[in-house]
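As they're listed, the protein sequences go chains A and B.
The first sequence begins at -3 in this note's numbering and counts up by one.
The second sequence begins at -3 in this note's numbering and counts up by one.
The set of hints was computed from the structure by calculation and includes no laboratory data.
Don't take each hint at face value.
It does not matter which identical chain is meant; a pair holds if it fits inside one copy or across any two.
To be verified - Simulated crosslink set (EDC-like; lysine to aspartate or glutamate; CA at most 16 Å straight-line):
| # | residue 1 | residue 2 |
| --- | --- | --- |
| 1 | Lys122 | Glu176 |
| 2 | Lys51 | Glu40 |
| 3 | Lys87 | Asp124 |
| 4 | Lys51 | Glu155 |
| 5 | Lys87 | Asp63 |
| 6 | Lys74 | Glu90 |
| 7 | Lys163 | Glu176 |
| 8 | Lys122 | Glu84 |
| 9 | Lys122 | Asp63 |
| 10 | Lys107 | Glu162 |
| 11 | Lys107 | Glu176 |
| 12 | Lys115 | Asp5 |
Note that the coordinates shown come from a computational prediction; the quantities given were computed from them, not determined experimentally.
Number of protein chains: 2
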Amino acid sequence: MRLAYIVYDGMSWLDLIGVYDPVSRLKSKGYNTEITWEFCAFTEGASDQFGLAMKPDRVKQVLKGYDVIVVPGGVGVKALLAQPNFIEWLKGAEETPLKVATCTGSLLLAKAGFLQDKKATTHFAKQDVLREMNVNVVSQRVVDDGNIITSDTGLAAIELGLYLCEKWSGEEARNIIQRELLFQQ
Amino acid sequence: MRLAYIVYDGMSWLDLIGVYDPVSRLKSKGYNTEITWEFCAFTEGASDQFGLAMKPDRVKQVLKGYDVIVVPGGVGVKALLAQPNFIEWLKGAEETPLKVATCTGSLLLAKAGFLQDKKATTHFAKQDVLREMNVNVVSQRVVDDGNIITSDTGLAAIELGLYLCEKWSGEEARNIIQRELLFQQ
């Protein structure tokens, strides 16, 4: 299974790491040793609003050949929605079987035309915007509409990550990873 | 207030971002516009076990002049405990008023001699190791012993971050930020 994490200037690290951490544990704990991922960007920049930056693995390459794309939210989404070149690039993922977004990442999926009449969610302050984009907005932490899975706010990204763990490697894998993340004495 | 986040090869991104995300929101939401931070490393490398890397702001510079150091945990801790040069460098933070660690980051604080007879916690699988280092290990999500604040496992890093938000900017700031992170419909 090949994942592409979509990264950009103004992303939220928590929106990214919330999915990345539990999903990566599928590999480190041996539940799915075949899983691989790349961080894909349209431009070199991939930092949050404060400048905490990563170096993408792929820049401006066509988004083909992945099984999953994961789009985190962040304050940078607003600017990207107004950048036709970025949206065109994202549309390259049209044939990707599973498209995932956390928080305001859903707005980018919608702008690329992937959420037409689909059920999805986003940050509680942006649900009206998503609704205006002809999306069937559902107020839930994690919304699974088959080839589209989205989460709403902040730590729901972790819940989405755990949801993917269960979907791909079963309940036991999810429970072990969840125990590590949410351990209570 | 000046923070130093200590980064290294084999760190856990969630252990870092768990503190970084809520604390950074103190700045973006205007609760503490004076807060600044730097990512400090002893060597150029600052990536997790899978290679997701950041570029540190400071490499091998003396850890002086900070009000807070924050040490995330990660699988790389084991190697660092056996590297006297790294531990010597970390000891440079001796006069830092507040030392914070998430998960196995506590072991590094202990090795540097900062936790002698202090109350602290760490990942549930490493509490015995911390106890053998003459630390008064407490099984709690977040443990505050004055100039040392630690958290145990996984998402407790977020709880520690929220704890710092309240400590530095009051209950209202914490509640607003917590609502964004943990929002339930």
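Now for the hints, and whether the structure bears them out:
In the homo-oligomer, the alpha carbons of Lys122 and Glu176 lie at most 16 Å apart only across protomers (13 Å), although the nearest pairing inside one protomer, at 31 Å, exceeds that limit. For a Cα distance limit of 16 Å, the shortest separation of Lys51 from Glu40 qualifies both inside one copy, at 8 Å, and across copies, at 14 Å. Proximity of Lys87 and Asp124 under a CA criterion of 16 Å is satisfied in neither setting, with 23 Å inside one chain copy and 51 Å between copies. Taking the shortest Cα distances, Lys51 and Glu155 never come within 16 Å of each other, neither inside one copy (26 Å) nor across copies (28 Å).
Only within a single protomer do Lys87 and Asp63 lie at most 16 Å apart by alpha-carbon distance; the minimum there is 15 Å, versus 46 Å between protomers. Taking identical chains as interchangeable, the C-alpha atoms of Lys74 and Glu90 are never at most 16 Å apart, the minima being 21 Å within one chain and 43 Å between chains. Taking the shortest Cα distances, Lys163 and Glu176 never come within 16 Å of each other, neither inside one copy (18 Å) nor across copies (26 Å). Within a single copy, Lys122 and Glu84 get their C-alpha atoms no closer than 22 Å, and across copies no closer than 48 Å, so neither meets the 16 Å cut-off.
For a Cα distance limit of 16 Å, the shortest separation of Lys122 from Asp63 qualifies neither inside one copy, at 27 Å, nor across copies, at 37 Å. In this homomeric assembly, Lys107 and Glu162 never come within 16 Å of each other (Cα to Cα): the closest approach is 29 Å inside a single copy and 38 Å across copies. In this homomeric assembly, Lys107 and Glu176 never come within 16 Å of each other (Cα to Cα): the closest approach is 36 Å inside a single copy and 24 Å across copies. Taking the shortest alpha-carbon separations for Lys115 and Asp5, neither the intra-copy value of 27 Å nor the inter-copy value of 40 Å comes in at or below 16 Å.
Checked against the numbered hints given earlier, this structure breaks hints 3, 4, 6, 7, 8, 9, 10, 11, 12; the rest are met.
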